[in-house]
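Novice: Please model the complete structure; the sequences and the hints are all you need to start from.
6 protein chains.
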Amino acid sequence: MRHDGRQPDELRPIRIQRQFTKVAPGSVLISAGDTTLLVTASIDETLPPWKAADPAAQKGWLTAEYCMLPGSTSPRKRREREKVDGRSTEIQRLIGRSLRACVDFEALGPRTIMIDVEVLQADGGTRTLGITGGYIALCDAIATLGDKVSKDRPVLTASIAAVSVGISNGTPILDLDYIEDSQAEVDLNVVMTGAGEFIEIQGTAEGRSFTREQLDQQLSLAEKGIRQLMELQRAALKG
Amino acid sequence: MRHDGRQPDELRPIRIQRQFTKVAPGSVLISAGDTTLLVTASIDETLPPWKAADPAAQKGWLTAEYCMLPGSTSPRKRREREKVDGRSTEIQRLIGRSLRACVDFEALGPRTIMIDVEVLQADGGTRTLGITGGYIALCDAIATLGDKVSKDRPVLTASIAAVSVGISNGTPILDLDYIEDSQAEVDLNVVMTGAGEFIEIQGTAEGRSFTREQLDQQLSLAEKGIRQLMELQRAALKG
Amino acid sequence: MRHDGRQPDELRPIRIQRQFTKVAPGSVLISAGDTTLLVTASIDETLPPWKAADPAAQKGWLTAEYCMLPGSTSPRKRREREKVDGRSTEIQRLIGRSLRACVDFEALGPRTIMIDVEVLQADGGTRTLGITGGYIALCDAIATLGDKVSKDRPVLTASIAAVSVGISNGTPILDLDYIEDSQAEVDLNVVMTGAGEFIEIQGTAEGRSFTREQLDQQLSLAEKGIRQLMELQRAALKG
Amino acid sequence: MRHDGRQPDELRPIRIQRQFTKVAPGSVLISAGDTTLLVTASIDETLPPWKAADPAAQKGWLTAEYCMLPGSTSPRKRREREKVDGRSTEIQRLIGRSLRACVDFEALGPRTIMIDVEVLQADGGTRTLGITGGYIALCDAIATLGDKVSKDRPVLTASIAAVSVGISNGTPILDLDYIEDSQAEVDLNVVMTGAGEFIEIQGTAEGRSFTREQLDQQLSLAEKGIRQLMELQRAALKG
Amino acid sequence: MRHDGRQPDELRPIRIQRQFTKVAPGSVLISAGDTTLLVTASIDETLPPWKAADPAAQKGWLTAEYCMLPGSTSPRKRREREKVDGRSTEIQRLIGRSLRACVDFEALGPRTIMIDVEVLQADGGTRTLGITGGYIALCDAIATLGDKVSKDRPVLTASIAAVSVGISNGTPILDLDYIEDSQAEVDLNVVMTGAGEFIEIQGTAEGRSFTREQLDQQLSLAEKGIRQLMELQRAALKG
Amino acid sequence: MRHDGRQPDELRPIRIQRQFTKVAPGSVLISAGDTTLLVTASIDETLPPWKAADPAAQKGWLTAEYCMLPGSTSPRKRREREKVDGRSTEIQRLIGRSLRACVDFEALGPRTIMIDVEVLQADGGTRTLGITGGYIALCDAIATLGDKVSKDRPVLTASIAAVSVGISNGTPILDLDYIEDSQAEVDLNVVMTGAGEFIEIQGTAEGRSFTREQLDQQLSLAEKGIRQLMELQRAALKG
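Here the protein sequences line up with chains A, B, C, D, E and F, keeping their order. Residue numbers for the first sequence follow the UniProt record's numbering, beginning at 1 and rising by one. Residue numbers for the second sequence follow the UniProt record's numbering, beginning at 1 and rising by one. Residue numbers for the third sequence follow the UniProt record's numbering, beginning at 1 and rising by one. Residue numbers for the fourth sequence follow the UniProt record's numbering, beginning at 1 and rising by one. Residue numbers for the fifth sequence follow the UniProt record's numbering, beginning at 1 and rising by one. Residue numbers for the sixth sequence follow the UniProt record's numbering, beginning at 1 and rising by one.
Worth flagging that the hints you see were computed from the coordinates, not collected in a lab.
No copy is singled out in the list; a pair is fine if it fits within one copy or between any two copies.
Within a straight-line C-alpha distance of at most 30 Å, the following computed DSS-like cross-link-like pairs (lysine-lysine) qualify:
| no. | residue 1 | residue 2 |
| --- | --- | --- |
| 1 | K51 | K151 |
| 2 | K77 | K59 |
| 3 | K22 | K148 |
| 4 | K22 | K151 |
| 5 | K77 | K51 |
| 6 | K59 | K238 |
| 7 | K22 | K51 |
| 8 | K51 | K83 |
| 9 | K77 | K148 |
Specialist: Put into structure tokens, the structure is as follows:
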């Protein structure tokens, strides 16, 4: 039994609210337990300069930024105003790569989608929840493109969700909160498609190396969690 | 009649939700029409270095940061990650000065209160709404101090609220939204106490200078709006 | 009686020297008591990129920078070489806004005027003296444009001057020096036109809020001081 | 057959030269094909401030920096002198985490080991080669500590090496060079211990998601490559 | 004959005004033709951290900053607010090194002298004039130390002045203005003591290398100019 | 006799290895005693923006960067990642100016040569060795231009080498290592052409001023050293 009463293979309660604000074409308030994110998707009808100079410039682009707001943790986190810290850089690169994997950039056309993941409250699992919520914001933003994109060629080629798994006291557990994450022996973030294939796997030993068998157990747990998250995504997108 | 149907002396609908997140001791989601802010108040049990070196170091401090999130506007606003732009600097200095005016720093003791105003959606009046919401977050944060501060000497010495007024087509109007603000001839931000005295007045001619009579009309309008905002603050703090 | 023997409504001695240097088209050495500024006005025959992209790009622009030189205070002020501090940002935005209020940018045409306020010695009132001196430098710079601008449509539409007022021991006083400023209960900076209208009002309570009556007294004092400053500006511009 | 004639499971030729310079306690010139790195390990007899403030401050620390020199690529890479780019941040965090996994920081004592990975020539696989070479530099640096550390408790608790694997035209391949890397469908970096356990797994789909079976094939290939690299490390450390 | 009518071995007219401002202990307005500088010397009763940590921390320190104000040139020079440009860095290092050469830092005691060279108008020769004027500001600042330093051991061990020389159309010339400097074939800056010895020599070929004989001719010219500058320094320090 | 057994006029052992890496068109590993540099020369077929805007834009450009790698000294040198320190700026400006003196930029055509001097191990004399090695890398890079430049007009108009000289205990010495440099009374860096003329002279008194006679002795020593270095350059370029 885990410290909050969950089973090893149990997600935290997930809440999803689309169109939390209305100025951004995609705007999702998503929470998993006490982790709360506002994920917006904006569309810029231009390309970044390095991309525009490219011969393949008819293709679009997607990029992401991740930011923990100062009030999202206790003690308060210093605002990243002069330089971005290494952890944020690493996370936003992961989010951007993962969401790019489900976009057909030729179908999107020469425009840029910006995903902004703002952490309003941090209690573990922000990077994977940012991907899961980012997918919903991305769907909503693309829907606003209307006739700017062809109806015959969908911009989104897959659904995407992500979850963290880990090993705690030798037991594989799903969707770690901050306390579990800080004590886990392994920390593994998994991003998958609706077809059950991998987009990204990032596993890190925390103080103790892990065996191939332990890796397999965690991947199975992640698959199970991601299937549930995808059902919640589908329900939210219908609602 | 204004473009959204309001009377010249009418505030936008105000919504206030305390404890929107729970990790920060004060956490207020406040909106006026489509302007939506998350204001958190955090407490740091130390003083900033320049303050700690001061002989009066038994006194506390309060400081504020203001940030428009990228998804709060369309087109998306570039994130201030390498340097803070001049407008943000000016606004957060105003918010900090205004809220400091209601704190007895000897009663607070040698600790720092950090107010973070995050603009989730921007539609005019963010700086004054940040002060109005910041006062509520400040009350909640101070309440968490409990026995760390004396019961005989209140930390808060006044209530504080703020509103913008302006002149549009020659008519003084209250609580401008973005469209009104961008067309107004004068932009005046007023911060007042519950006792009806001024904390800060910042008036700027936009393309046309203004007379002392026009100033007087606007100040009267601001006083009226601030009295209403203070009732809403009181109701929220009771609720 | 004030610490330097002045009456409450008395300005410090003002000295104005035009063309202090000759490479900048406007170059004014101006002092009020021990506050000494070099204000230059330069003309750039291009527009800033954000302005040039504007459909209204035939209009010109004016911007200002404010800098306290390290040797202008004791102890020496650290040079702002890596980032501009919040106070400088706030002041240079005020100076720029105020001087833009007297320029007809269509008459100026697609060029940029840069006002540089260098504080050679700081003893209070630098921001308002920067505006008062900046107006003179601006006049001199515009005069060098000659036939580049139309004679039928003056570039300058008003004269501008500014002064600080405050309340010290309950008494409203004019043109505070550093000692007075650091002890004042209210600090109010006022920018006006030659027609007696307001361009900018920035009033801040310092530790104690102020009443509408006190505001009125200070505004009257400011009007009186600004009338005197405008006479000195006119005399200097003739000389 | 691969473009350079290698078998799918064949490493590039590895060259290792210890003590390439003599001022740093560890200094390894290591190359895999045309990828050439200088990895130095320096020892600082203090701890970083955030670590020193920690109650566990008797424990040491290890951190890493990664830098591609401008002349290491064609076209020349702009030197990271004003900010570190996201890719470098991500890589140096991986190198640091991986090498920390083999150090007993209590045995090391309150000192910091700095690993500097300088890419003299880049042809793919720099991050994994940096870990493989970094382990050797780390061994050499720790050997210089002599009596400063206890003989009864080894500072190094495992050996560490790393390699990249990928899928190219559907075939899993080992140790990708730049051309292969830029065309691969999957990019997987694996860090392992001498005991055959995982320290870090980072797998990224490049344009196409991958199955669990493909993951398994790649992990087997990586294990094989890492075993060979560890033999080369051992030979170098004896030499 | 030179473009301004000077002989090859003739200095520009030099004007020196001590105590131009009064808050800094040394404050010198110095000009050579149209080059005009404000040089201040401030005293900080502490040492920089890297110096204070030194076992020889009873010794003082002197450092210099050099800044061309934006209005000092036409077109206006961009203000160095985010980073210092290479030329300024090079010049302020030269000024600091040169003035340190005449200070007995044991006699000065554990305090720091800051020399700030502000270029109000630039017409060539700013770095050497900064040294010549800086020496006067330094004398004035040290005189304010009074009993804080011993009367038996002078803080200043030499007098220092500097001048530029060059070769123009094959002829060695003294004290180049901007036009001459931009056309000269050699640019040589020389710093000397009152005893006629060298502190610093920096000679640069501009497009054409120079012979040892040409170097000798220029050094003789520099010596002559520096002797005259030292007489002017002495006269100013008496006056 | 010097601490390492050399005669006063004796260079340290010089080793030169061309094409140390192969991706950069010029790549030279050069060492003088324990000072070891990797100097690369890259060619960019564009001009820097400030140069391209120039009417003389058919002319090419050469610029240099100098960087001491962190592991090149003990204690480890902090990596210059946020700003370049003053010493590096000064040195890379010297290297760039010196090497520009031997290039006919019209013959080079509108392209930029970048010289990167990476200090792998620092033991004094890095700036002059960077010039000596940079000349070789420059020759190699220009040779790769082939038919892009005219055969009738050589791009290189002179050969260039540099050395440091100094005065130690009153004796002029050649090619100082770090220990000698830190104790020398004078530090003089000399850059010369194959024709025996000067490109740059930078002499600095370290604690004691120097006479014209001492300058002459040092210049003679430098000439002798540079003649030997040029023979080594010629041999390397033939080999």
